[in-house]
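Going by numbering that gives the first Met the number 0, the letters in the sequence shown line up with residues 0 to 116, in that order.
FYI, nobody ran anything at the bench for these hints, they're computed from the structure. The structure displayed is predicted, hence computed values, not measured ones. Idealized CB from N, CA, C, for every residue including glycine. Don't take every hint at face value.
[Unchecked claim] Beta-carbon label-pair distances, calculated as ranges:
no., residue 1, residue 2, range
1, W110, V69, 29 to 37 angstroms
2, E90, V41, 13 to 21 angstroms
3, T34, R103, 20 to 28 angstroms
4, D61, L115, 25 to 33 angstroms
5, A57, W110, 34 to 42 angstroms
6, A79, G113, 16 to 24 angstroms
7, D107, H77, 30 to 38 angstroms
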Amino acid sequence: MTDSEEITFRFDQVPPCARCGGEALLRVRFGHSWTNITGHLVEGFREADLCPVCDSGATPADDLLALFAVAERVPLTHLAEFGCRVIAWVESVRQPRVDMVRLRGEEDAHWHNGELP
0 MTDSEEITFR FDQVPPCARC GGEALLRVRF GHSWTNITGH LVEGFREADL
50 CPVCDSGATP ADDLLALFAV AERVPLTHLA EFGCRVIAWV ESVRQPRVDM
100 VRLRGEEDAH WHNGELP
């Protein structure tokens, strides 16, 4: 991740987890790019949900989930720690290539939730 990369956080009114439909605690949006089959760079963004059900057991997610378990709101004195944990978690969910199994699973979840026509 570069220093200039922006990560957008959503804490309030977080939509349900796109994977399981359960309660997501946080949604982040971050830059994502890949090289397509013709060798051209494609830039865009990606969103990821922090879900206690789906993400439990993965160290970066568990570290972040632990902060949410302690308090509903992160105190100002812990913002730097929170930011470091979010960055570690985002890096853990970032993938250099499309995971087709995961893509199909997320597509199925969106169909199931009525988000796709």
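So, going through the hints one by one against the coordinates:
no., hint, verdict
1, W110 <-> V69: 29 to 37 angstroms, "holds, 36 angstroms"
2, E90 <-> V41: 13 to 21 angstroms, "holds, 20 angstroms"
3, T34 <-> R103: 20 to 28 angstroms, "holds, 22 angstroms"
4, D61 <-> L115: 25 to 33 angstroms, "holds, 31 angstroms"
5, A57 <-> W110: 34 to 42 angstroms, "violated, 25 angstroms"
6, A79 <-> G113: 16 to 24 angstroms, "violated, 39 angstroms"
7, D107 <-> H77: 30 to 38 angstroms, "holds, 37 angstroms"
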